[in-house]
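Asker: Use the sequences and the hints to build the structure in full.
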Amino acid sequence: MNLVRKIITLCFIFILPLSTVIADDNMDPALKSKAKRAADEGLHYLRQTQAEDGSRSKSVGVTALALRAFLENRRGYTEDDGPFITRPVAFLLKHVNEDGSISETNHNRNYNTAVAITALQATHNPKYADIIQNGQKFLKGLQLDKEDGYEPSHKYYGGIGYGGDERPDLSNIYHALESLKATSFDDKDPLWEKAMTFISRSQNNSETNDQGWAGNDGGFAYMPGYSPHGDAVSYGSMTHAGLLSLLFAGADKDDPRVKASYEWIRNNYTLDENPGAKKNQGLFYYYNAFAKSMYAFGEARITDGKGVTHNWRNDLTNKLLSIHEKDGSWVNSDSPRWWEGDKNLCTAWVVIALNHVIKKP
Amino acid sequence: MRASITWISHLVVTTLGAIMISASVIHTAGDFMPPGEQLLLLSGCSLLSAAIVLISHAIERPTNLPHQLLQAASAGISTLLVVWWQTPLSLSSPMLWKLALGLCLLTFAMTAIAGLLTTLSNSHNSAIYWTMLLLLITTSAPLWLGPAVEPLYLGETIINAIITTSPLSYLATLADWDYLRGEWFYRHTPFGGLRFDYPSIPITSLVYLTIGLTCHYISKAIGLRQTTGDNCIKPHPSPSL
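Top to bottom, those sequences are chains A and B. Heads up: the first sequence is residues 0 to 360, going by numbering that gives the first Met the number 0. Heads up: the second sequence is residues 0 to 240, going by numbering that gives the first Met the number 0.
Simulated from the structure, these hints should not be mistaken for lab results. It should be emphasised that the depicted structure is a prediction, and the values quoted were computed from it without experimental measurement. Backbone N, C-alpha and C define an ideal beta-carbon position, used for all residues, glycine too. Just to be clear, a hint being listed does not mean it is correct.
Heads up, incomplete: computed chain B residues facing chain A, CB under 8 angstroms, no partners named [stated by the list, open to error]: (1) W84; (2) P87; (3) G192; (4) L193.
Answerer: Okay, here's the thing in structure tokens:
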């Protein structure tokens with residue numbers, strides 16, 4: 000009996016601290032405190048810019064992202080905390096449409112609905128279950144397949160677009176998949192497999208991409224055969240979005256597509272710019288997707304193409320602190336493309352990124 | 000009787016013109032075309048055909064409102080026929096009628112502008128030239144202003160104004176098609192990546208109607224003043240059929 004007790008004690012002495020080390024993010028503690036403070040300042044900025052009706056930037060999408068930034072923060076905000084949570088929720092609910100979409104406009108319905116149901120899910124309020132379910136159905140309906148006239152051999156098969164254009168892209172499908180994953184959409188649904196076809200066709204990886212244009216660097220373009228930064232070049236924001244999309248759709252770390260995209264990320268590791276993108280377009284989208292994909296990949300350190308090892312949490316925090324505005328916000332001063340001239344959007348992107356930096360692996 | 004035959008012949012020519020232009024464009028596009036994109040393409044081709052065929056006819060009598068309205072109506076009917084024939088839309092589809100009415104209003108504004116220019120310049124050729132140029136410039140504004148819009152950090156209001164100015168945006172809204180984020184435009188102009196709103200259908204329709212009526216009444220007022228003097232416009236001979 001004594002021996003058993005000794006073994007248990009030894010377990011507590013040696014194994015528990017070991018498990019803590021394994022789970023550790025290896026982040027500089029002083030930097031972690033700064034990251035927490037920066038996230039608080041970002042949230043403080045977002046509280047100030049909330050309109051009377053709970054919206055931010057008069058947009059369902061921006062409002063939902065800001066709401067998510069609050070709800071996923073380490074402080075554990077809930078609807079009991081006051082109007083800075085309840086009013087944005089009310090704003091989202093006010094824009095629920097009959098078709099299940101949640102949007103103030105007809106032409107951003109995928110993005111808006113995706114981020115809105117993710118934010119509603121983050122409230123953990125069962126009252127919104129039906130709205131979330133209808134939102135899921137709406138997103139599923141946007142996926143291009145045979146019913147829409149797209150055969151499986153078509154380059155757009157399985158993709159999802161803005162919701163009014165029927166031209167799919169990786170960014171839109173990434174947001175849709177993220178929200179479907181966050182809201183526990185049926186993982187046996189054929190949507191995932193169709194999505195995987197589209198995601199694979201957006202990657203510069205000829206081993207797994209059946210499109211003739213595909214290169215071999217492992218990164219992702221905006222959509223099959225096209226990148227806004229020239230030809231079908233791979234770039235940072237889309238490669239992180241692509242890696243996340245692969246993981247959402249069920250690929251694991253041993254999947255050749257995941258390996259290839261991680262290889263691209265290693266070889267192009269930087270936080271000074273959105274690598275591969277023109278004029279820093281989509282920089283904050285990049286920071287957001289970077290934090291989420293690095294977190295999902297589960298490695299505290301990454302070794303770049305030159306053999307230098309980085310703690311991505313430290314690097315991202317340092318970068319975000321260096322470009323933090325005095326009023327607590329962030330904004331892309333190089334390019335307004337993809338709404339990054341909007342402080343509410345960039346600040347929400349960054350706080351969500353910092354939430355991933357701060358939270359336990 | 001002769002006027003009716005002329006009108007019908009213009010309607011037929013406009014419709015055939017739209018079919019021919021759209022057939023060549025669709026043939027060039029080749030790949031599968033989403034329904035919204037097809038609707039925009041067909042209505043755009045109808046607008047082009049109406050501009051080519053109807054402007055020259057409309058300016059024969061620039062101060063005659065029923066004459067102008069008949070030209071506009073033939074553009075609308077032509078669109079109705081072309082879209083109905085080439086898409087699965089049935090005649091009971093509200094979108095079909097919206098597109099036809101939209102083309103009607105656009106053509107009315109266009110012919111009224113051409114009429115005003117005819118009255119002002121006393122030249123049919125220059126009126127046609129300037130109207131076509133105006134149509135080309137406004138329609139393609141989201142394309143040629145694309146390279147300037149991002150570096151100049153133009154605000155949302157200016158971006159919306161540019162988009163609203165283009166008749167293509169009006170047609171796209173009628174077709175319920177987000178054309179700036181459609182494949183071709185997304186590749187060729189940065190507008191799709193910026194924040195914007197498409198114009199409201201009722202407001203834009205009212206604007207085109209107002210433009211048409213204003214231009215018509217101005218040319219009528221000028222015409223009246225000219226007919227009281229010696230500087231009256233010589234009637235343009237009707238094309239023989």
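Asker: If you check each hint against the structure, which ones fail?
Answerer: Violated: hints 1 and 2.
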